[in-house]
Structures are given as C-alpha cells and as structure tokens.
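Undergrad: Using the hints, position chains H and A against chain U.
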Amino acid sequence: MESVGSIIMYLIIALAIIVFSVLAVTTRKILRSATYLLFTLFATAGIYFMMDYQFLGAVQIAVYAGGIVVLVVFSILLTSKPGDKAEKLASKRRAIGLLAAFAMLGVSGYALLSRCGFFAQLPAMGDVTMDQIGDQLLGTGQGGMLLPFEAISVLLLACIIGGIVVARKR
Amino acid sequence: MDITLMYYLIPSLVMFCCGVYGFITRKNMIAILISLELMLNAVDINFVVFNRFLFPGQLEGMFFTLFAIAIAAAETALAIAIIINIFRVAKNIDVRDLTKMKF
Amino acid sequence: MDQITPLLILALPLCMFLFLGLAGNKMSHKMAGILGTLGMGVTLILAYSTAFTYFFSGNPDFIDAAGNRLQSVIFDFTWLEFTENLVIKLGFLLDPISAMMLVVITTISFMVHLYSLGYMHGEKGFQRYYAFLSLFSFSMLGLVVATNIFQMYIFWELVGASSYLLIGFYYTKPSAVSASKKAFIVTRFADLGFLIGILILSFFTETFNFIDMTSAPENVLASTGGATFMGASVLTWALVLIFMGGMGKSAMMPLHIWLPDAMEGPTPVSALIHAATMVVAGVYLVARMFPVYLMEEAALTIVTVVGALTALYAAIVACTQVDIKRVLAFSTISQIAFMMVALGVARPEIHEGVGYMASMFHLFTHAMFKALLFLGAGALIHAVHSNDYTAMGGLRKYMPITHITFLIGCLAIAGIPPFAGFFSKDEILVAAFENNMLWGLWMTAVAGLTAFYMFRLYYRIFWWNTPDYEKHGHVPHDAPWTMTLPLIILATVSIVAGFIPFGELVTWNREAYHIHLNWTVATTSVLVAVVAILIATVMYRKENAISDKIANSVKGLWTAAYNRFYFDELYIFITHKIIFNLVSRPIAWFDRHIIDGTMDMFATMAHKASGAIKGLQSGSIQTYVLVYLLGALLLGVVTVVCVML
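Chains as they are written, first to last, in the working numbering: chain U, 21 to 190; chain H, 20 to 122; chain A, 632 to 1276.
There is no bait here: all hints are sound.
To give a feel for the contact side, a few chain A residues facing chain H, derived at Cβ under 10 Å:
no., residue
1, SER1251
2, ILE1252
3, GLN1253
4, THR1254
5, VAL1256
No wet-lab data here; the hints were simulated from the structure. Being a predicted model, the structure only gives us computed values, none of them experimental. Ideal placement from N, C-alpha and C gives every residue a C-beta, glycine not left out.
The following block holds chain U by itself, in its conformation from the complex:
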C-alpha cells in the first residue's frame, strides 16, 4: 500500500506526461511545442526520482531538459520568425496520424492489459550510490558497462566531428 503522498505525486506526474505530450504534438506554435516537451521531460525526471534513481533523474534534467531543449529552442529561434504558426493540418493527414497513433495505442494497450505480470508491486531497493554506479559503468566484471561506454564515447566523438563538418560555413 502506497502512501497517499506518492499516489498524489504519481497522479500529477502521469497527468503531466499525458497532457504535455499531447499538447507538444498538437500545438501549432513550434516554440510552445518545445516548451511542452520541456515539461514532459521534467515529468519524466519525476518518474525517475520516484523510482529512486536520483542520479538518472539529475542527468535527465541536466542533459535533456537543460541541454537538448535549449539546443532545440535555439534552432527554433534561428529558423523561424516570431509569430510563425504551422498551417492547419489537412484532415487526411491528421486522420492518418490519428489512425497510426490509436492503432499503436490499441494494440500495445491490449498487450499490456492482457498480461497480469505487469501488476507487480514496487519492490524494496537500497539506495543506488555513486560508488556503485561508477564501479559498474566503468567496470569489466559482472554487469560492467565499460564496452558500451567506450562505444558511446566514440559515437559522441563522431557526432562532434560530424556536427562541425555539417554546420561549418563553406
């Protein structure tokens, strides 16, 4: 049995995610869209905190909400004039999008609800310490993540170079 606080917390977060996601993709002003995305990301960070992954929540806020959204906002400001509005969607296009989204929702939702295994309780778990994260992230033993870590680092390097090459003025 959860505490009432956490239930309220959950409800707020879940509602925020659903509402802001929907708003992010339906609003016709692109800057607002980015703002709703930011709220969604914050709500996601809330979920991470509820899951007791404080580090991950912090990363989510710092990198996602802090870095990526700022980047997106910058590019929006660079590529559109203030007051720009996306034109109204053609009904056919929206119908297709809705069809796809609801089909997705229906199939996946059915799959979710038909599986009773997903009604597990939140098990108890000790705090994840930074020591533990650091050891496992750079470890090579059981559950060690060094290899993916290195792979990601190479990928990032490639992205840096690619970004420079692509954006460079000729």
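TA: For chains H and A alone, coordinates are given in the frame of chain U:
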C-alpha cells in the same frame, strides 16, 4: 491503492503514441525532432521502470537509459546542425519541400 | 649459314613498323622517311647477301654435288603446339623461289621507300605511311620465306591487312575508304577458300610443312585414300580451294574487282603492293605447292583456264580505260594471269617444266617493269595532278626522264627484245604452245593486245596533242631526284634483267636448265607486238578520230569493256538484291524483333515495374515510418492472435 508497473507503462505508452502522431503529421523538421524525443523518452521510461520493478538491485536498465540520453543528445546536436544547414540552403525547413535528393 | 641475317631480314621491317608507328608522330616527316628508307636499305643489303649466298656460294647446304639446288630451312621454331600433330611453326625456308622473292620484294620496296620521300612529301600522315610500308614489307617477306602453309596463311592475312591500311591511306576520301573495304572483303572471301583448302589438305596429310608435302607429292595423293566429294577428288578440292585464295590475292577473274579500285591508294603503294609483290602472292602460292598440283591434272587445268580467261578479259578492258592507273591495274591483272597460265601449262615432261621457270622469270621481270611503270605514272600524276590521260599529252618535251623510262617500261612489257619482258614472255609462250596449240595462240593474242594498250597509253600521255599547260598556271616538269632515281634504276634493271640466266637458278625441281630461245615462237610474238605497236602508233601518235570511229563501230563491245563487262554491277546485284534482300534482311529482322525483342521485353518489364513502384520510394521519411509502424502493429496483432489461439 498500489501503484504497480502498469501505472507507469500507460503514460509512457501515451507519450509514445503522441510521438508517433507528431512524427507522422508535423511538417516542421524541428517539430519532428521533438516528436522523436518524445518517443525516445517513452522508451527510456520503460527501461527504467522494468529495471526497477522486475530486477531491483541491478542497474542495466538505468545504464541503458543513461546511454540513450547521451545518444539522444548527440543525435539532436547533429540533427540540428543538419537542419540549420538545410535552412541555410533552402530558407525553409519544411520536409515536403526537401525533394532534392529524391530518387 | 648463320641465322642472324635471315632473322634480321624479318625483324628489321617489323621493328621499323613498331618504331615508326609508335614514335613516328614525335619526329619530323623527313626524319621518319629517311629512317624508314634506311631500314629498308639495310634489309635490302641483307636480303641481297642472303640470296647471293644461296645462289652462288656453292655451300653444300644449298647445292648438291650434281648441281641441284636444295631447299634449306634456316630456322623453324615452334610457335603454337596444340596437339602432337597440330603444331604451328614459324621459320625461314630458303630455296630458289624464296631467294628470288627476297630480291624482288626488297628491291621494289626500297625503290618505293625512296620514291615516296619525294612523292608523299608534305602529306598528312607521312610517318604513318612509312610505318605501314614497313609492316607490309615485313609481312611480304614473312610470306615468301614461310616453311609451312599455316605460316604463309598468317602472313597472307597480314599483307591483306597492310594492303587495306595503305589503300585506305587517304581515309578522308570516301572512294578510298570504300576501295579499301572492297579489297579487304573480296580477298577475305577468297581467303575463306584458302583456309578451308589448308584444313582439308592438312587433315589428310597431317602436316603443314611445305617440304614434307612437295618432296613426296605422291604421298599427299595417297593420304587422301581416293576420297571424293561431289565427283571430284578431295585433293582437287583442296588444291582448287587453295588456288581460290591465290585468285583473290592475285586478282584473277572473277575475284579481280578489288584491284582496279585499289588504285585509290597512293601511287607508290600501287607500285609496291598492287603491281609487284602482294598480287603475285597467288602465283607464288601455286608455285610453292606446284609438285602437289602436278598430282592433279584437273586443278592445273582450272589454273590455266582461269588464267587465260583473266588475261584476255583484263587486256580488253585495259584498252578502253581512261585513268592511267586503271590501265596499269588491268595490265597487272593480265600479266599475273600470264604467270598463272605458265604454271598451269607447265609439265615436267615439257622441256623439263619450262612453264614453271617462265612463270617465276616473268614474275621477276614484271615486278621490275611494272613497278617502273607505276612509279612513272606516279611522277606523271604528281606533275599533272590528274589520273586521266585526257589531261596529259605531249609530255615528252616536259618530262624527258619520265618519258624515256616509261618508254622502256612499255617496250619491256610489250615483249620487244632485248628488254626483260621479251625473254620471260617468250618462255611463257613456248610453254603454252608446247602444252596446247590453243593456249599458245590465245596467249600470243593477249601479248599483242598488251603491246597495243601499253602503247596506246604511252602515245596518249607523251604524244597526241599538247594541252595548254600554261593556262592552268602549272607547267609539268620532271620530279626531284628521289623520284627519278628509282625510275632510272628500275629502267636499267628492265633492260638487263632478261639476260639473267634464270633457268640456271629457278626451276621446278631445282635442277639447272638452259634457256634456249624457240625462234619460231619468239619471232611470231615479236611480230605480233610490233604490229600492235604500229597500229597504236597510227591511231594515237597524233590527235585524230580513228580511235573514236573504231570505238563507235563496235559500240556494244566498247561500252561493255569500258564498264569492265559489268562485273561490279553483277556483284552489287548479287550482294544487294539477292544476299541482302533474301538472306540478310530476314536474319536481321529475326535478330531485331525476336532476339532483341525478347531481351527488350525483359528490360521494358523491369522498367515498367520499377516505374510503377517508384512512388513508394518517395523520400518522405514520415510515410516510411507510418508504413513501418503499421507493419509492426500488424505483426503484433498476429502474434497476439496466435498466442490467444
């Protein structure tokens, strides 16, 4: 009332469906990018909650989310570089106008 | 005898061809011409020394104690070895006829090289011209020294190719291009027969080697085992087919049509290839295989008949042509036919095979005086800038050297003693008379015609009336020394060549033979020639209307002869109307519509299909995502349904 695994999966699913809808319908490339982020984020949530509910004490799901965030950051940076470049050339970032590389 | 000299005789022109062909454009005209001429000069010296060694050194390799000359294989290395029997060798065979041909080829070739320095001066492609001349000299030398019939065939094709290249030297001129194609195709057609003949012959004898075949011709006959095909023995077929190759190269009727057109090439080329050397390759081929031909009376009869018909035909046509090079071309055809007849009538029992000797003798002398005439014609064309004798006349005053040398050539070909042609032609007539009275009379008549048309040409060029050359702003004059020197040398040779004791050197069985003039025949032929010359003198010395009157009185014959008895038209009719329409067109239709159509159908189907589904590759990533998503969902539904069931 217990907040089970299911309760976390449903907002994530809704978020993902919103991402799909946005990806398919939007014309502005940045809006498409935002939809993409939504979808990615929904997946991240799934990683985390499955890890937390089913394998507490292990950290694989969390790490994958971590990596996904890193990759998303890289991808966004690159995508925005490309978008700005396209904007420079085409003065426009409407995907329907970008037909130069078609066929 | 060392092997270096013979090897060099072949290698020098080949190297010169490669060098001039590859590096010629880097050097000046003069340089290339002088290099080519020097190369040929060295080859000339080497060939002379080889021939001299062969004939006069008394080396036991070349002549036995009884005074019989021997066939000597200087070297013969294996080039391709397919099976134990099917071995293709390349070698150097030295015997009287090949030694003689070495002399003829290198002499004429050197003269032409020298002459071309003046004649081709300033032409575009001068270096290319010299490269091709060297290629031709190499091929011709390789042909005459062939040790086996396959080597001969290889070089046979090479001379054909270089002839093609040289006829088409002025490749911007459509007539030259079509002439070169005509020469190539007609001789190729003939060579098909040659190749089949070679295959038949070597299938039975299991050898390509000349010495193996000619030293024991009765074995060749025996090897066929009396097999027959369509009523003729296989050996006859083989020999006639081989002779067909010779007919093509030597322009015997009905395969002669390419030679008059080949005069589109530069005149020195006509002198070298289409008068003196390549066109006698057919005669040389028959002479080379002569002991085998002796085994089959029928084959020799065919050689005789074809030769006699061609000789008469070409002589009649030559009387009506206006283009001086064409007259000489038909005269060449006629004279080669003389050699063929001489071979055809030669029998060992008749004066120890005098016909064979006469044929080779005439080949030798004809090469000299015909090259002289062609080079003289070249000098005339060079001076007057026209091929037609109607543009000439009275040139004796303007071009004395050319006049005298040309006259010597005409006297030689007409058979007036003591010029070279008299002796060789006399021997041919003797052989013909000894074989059959008919052939003797026939060939005497042709000899008379020869004298007539040559002097008709001579008088029209050098006498007749004198056109107003000043009016055209160009007075003809003698050519520079590079052109007149070969004329003088060849004229000298044409005077003295008849006194060469040819019978001592070249006979069919390589035994020495003493030539003794048959005074009856000699007197008759000289009388006929003199009468013919007198008629020509009356008709053409001064401008008059006699010739036109005579032409009008036999208008049908004259027109037919002028149009070469419509041989070209006949060929065009056969190829265009019959072969093209009835064979080629249906095949082309089948190829285009059925075979190509099938392939086109596949291509069109692939094209249509890709055009139809091209829209899917819209480039719109959103559509891709939609399709992908729906597909994934479908899979999900299917999975769910399957699990539920």
